[in-house]
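> My request is simple: use the sequences and hints to build the entire structure.
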Amino acid sequence: MVDYQPSLLGNARKELTRFQAIFRFGLSALLFAGALHGSVAWSTVRAGDATYVDELQRHATAMASLEEEFLSSIDSASERERFNPYRTYNQLMGSWLQVDLVEALLAASIEAAPTCEEETIRTTLRDQAEFARAELDHAVVDLEHNVAAIKRYDHLRLNNALRSLLSSVRATVDRMIIDQRPPSPCGTGP
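Just so we're aligned, residue 0 is where the sequence shown starts under numbering that gives the first Met the number 0, counting upward by one.
Treat the hints with care, as some may be off.
What the hints assert, rightly or not - In the EDC-like style, the derived pairs of lysine to aspartate or glutamate whose C-alpha atoms are separated by at most 20 Å in a straight line are:
| # | residue 1 | residue 2 |
| --- | --- | --- |
| 1 | Lys150 | Glu102 |
| 2 | Lys150 | Glu68 |
| 3 | Lys150 | Glu80 |
| 4 | Lys150 | Asp99 |
Derived from the structure by calculation, the hints contain no laboratory data.
In structure tokens:
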């Protein structure tokens, strides 16, 4: 029986060859993934963006739940009691559409390449966030003015919940406005 003991150098060559094969495959896979989806290779997320995305999604989930309750409450109200809640609902949906646009612009700015395109989107995001902030202010004030006229407990509870949610969304939008840096001078062409 022959006792074979490989040399240390032979084992090192095997390990190096295995490592090179793994490295080549990994590098090829990474380059292929980058080619398929360009934003994987160059997209950057600013500090705070992920937090804003998460907060806006949580707010949207809460708003969807309150919207469902609000519509159910309107349906259960008498014909005479429906006008003001419908008007309030329409105003709230208009304000919420502005917040949805802020969320869409935030997603677009995250996906944009870090160039003048991103700066343009960030500028639009800041402007839209300021407009959404004004809409949210108006909606909260309207809800506060409606408190005295509300006679049903479920409408009052929803009014309070909506004011609280909109105030929270307003705080998120305020932080977004502050975090959007002013546009850098990009080449505007000749």
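> Confirm or reject each hint.
Taking the hints in turn, this is what the structure says about them:
Among the hinted pairs, Lys150 with Glu102 is inconsistent with the structure: their alpha-carbon atoms are about 35 Å apart, more than 20 Å. Between Lys150 and Glu68 the CA atoms are separated by roughly 17 Å; this keeps the pair inside 20 Å, and the hint holds. Among the hinted pairs, Lys150 with Glu80 is consistent with the structure: their alpha-carbon atoms are about 9 Å apart, no more than 20 Å. Only pairs whose Cα atoms come within 20 Å are accepted, and Lys150 paired with Asp99 is rejected, the gap being roughly 31 Å.
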